[in-house]
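Novice: Chains A and B, in that order, are what the protein sequence lines are.
Per our numbering, the first sequence starts with residue 1, numbered consecutively.
Per our numbering, the second sequence starts with residue 86, numbered consecutively.
Please note: incorrect hints may appear among the correct ones.
Said to hold, decoys possible - The calculated lysine-lysine pairs, modelled on DSBU-like cross-linking and capped at a C-alpha distance of 35 Å, are: (1) B:K97 - B:K254; (2) B:K97 - B:K184; (3) A:K18 - B:K119; (4) A:K18 - B:K261; (5) A:K18 - A:K41; (6) B:K97 - A:K41; (7) A:K18 - B:K254; (8) A:K18 - B:K250.
No wet-lab data here; the hints were simulated from the structure.
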Amino acid sequence: MSWLDRLRGRPLPRETAKQRLQVILVHDRSNLSPGLLEVIKDEIIAVLSRHVPIIAEEVRVTVTQDARECRLVADIPLGNRHSRS
Amino acid sequence: MSAQVITVTSGKGGVGKTTVTANVGMALALAGRKVVCVDADIGLRNLDVVLGLENRIVYDIVHVVEGRCRTRQALIRDKRVPTLHLMPAAQSRDKSAVKPEDMVRICEELRPEFDYILIDSAAGIEEGFRTALAPADLILLVTNPEVSAVRDADRVIGLVEAMGKPVPKLIVNRLKLDMVRRGDMLDTSDVLEILAIELLGVIPEDEQVIVATNRGMPVVLEERSPAGQAFRAIARRLMGEPVPMFPSEDGQGILGWLRRLVRSGGGR
Ligand SMILES: Nc1ncnc2c1ncn2[C@@H]1O[C@H](COP(=O)(O)OP(=O)(O)OP(=O)(O)O)[C@@H](O)[C@H]1O
Ligand SMILES: [Mg+2]
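Same shape as in the complex, but just chain A (with noise of 0.2 Å):
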């Protein structure tokens, strides 16, 4: 990779291929793929709307890992009830 590219704000292979590969891994280790996780997120959002409002477009649910220990972590806002009914 040249320095021009350096000099364009490219990131180097090797930074990209590490990216990469992290985020295959949480994948591949927790076996949930980006497509279940959205399945999984969008029956979250289901269940919890019955009981408190929350914003859903604003649900975030990723897999996080500290060396080989996966977590699923929901990050669900809940939305204000009185300026949102």
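Dock chain B with the ligands against the given chain A, drawing on the hints supplied.
Specialist: Positioned in the frame of chain A, the structure of chain B with the ligands alone reads:
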């Protein structure tokens, strides 16, 4: 004497298992240890050719399993390094001809007579994988610093864990220093960070490996070859000596410092 059984495995094929088995086996033998290399790649035998012993095969591991010869009779002794032995694979059979329990039994029989038993696995994670791993005390996981090879290595770590076997130690093979230097290839530190297992050694890309394989003279026999030196270092680590790792280009001297400076400054 009771041998340590070391299985050399990988996820992706063609990453260098046979090369590692032959060279580490020969390096251990050169250091005076009694070594037997077992070719568990049934149907696609290669270890005999890499070691240059292909003309001396009479019996193979399938003959042993089927009781057509004694375990000892299938062993070929290397004339160059007399403490090195090979148990060849069968060429005209399939993987199912040797079962995990057969491999365990053969290793039990060989253990009292050797210091190290090195098993070269077949590519893939099917039957042959379990057979090669069954008797292992130590597992060496070979990978190349490439996305697909590292991904498959990760899968093997998971499978090994599920089998209740010890966590493998990592060998990064075919590292191209000039590419790492340019930022065009994953460095050992990246692979280690991602796989999070212990590193046993790093082997550089080295044309002499191919020359050596063509001649049937493993590259460890070449005093000056960089790969040969890396293989000798791995053998010494296996024997318990602390040997510094192959230097990572990233960390070295003023150039490495400058490189890190430039990298942290630009591009993000
Ligand atoms: N460090 C190296 N430098 C250059 N060439 C190498 C190096 N290591 C291995 N090779 C070459 O790569 C090829 C594949 O190596 P090898 O046969 O050892 O892989 P393998 O993992 O045993 O393959 P398979 O999965 O088919 O059994 C061979 O041609 C070998 O000579
Ligand atoms: Mg092989």
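Novice: Decide if the proposed pair is consistent with the structure: A:K18 and B:K261, CA atoms, cutoff 35 Å inclusive.
Specialist: holds (16 Å)
Novice: Take a quick look at whether A:K18 and B:K119 sit within 35 Å of each other, Cα to Cα.
Specialist: Violated, because 40 Å separates the two Cα atoms, which is more than 35 Å.
Novice: Between the alpha carbons of A:K18 and A:K41, is the straight-line distance 35 Å or under?
Specialist: Judged against 35 Å, a Cα distance of about 27 Å means the pair holds.
Novice: Does B:K250 lie within 35 Å of A:K18 when you go C-alpha to C-alpha?
Specialist: holds (28 Å)
Novice: Is the Cα-Cα distance between B:K97 and B:K254 35 Å or less?
Specialist: holds (16 Å)
Novice: Does B:K254 sit within 35 Å of A:K18, going by the straight-line distance between their CA atoms?
Specialist: holds (20 Å)
Novice: Assess, step by step, whether the Cα of B:K97 is no farther than 35 Å from the Cα of B:K184, and give holds or violated.
Specialist: holds (22 Å)
Novice: Can the restraint linking B:K97 and A:K41 be considered satisfied, given a maximum Cα separation of 35 Å?
Specialist: holds (33 Å)
This entry does not satisfy hint 3, going by the numbered hints stated previously; all others are met.
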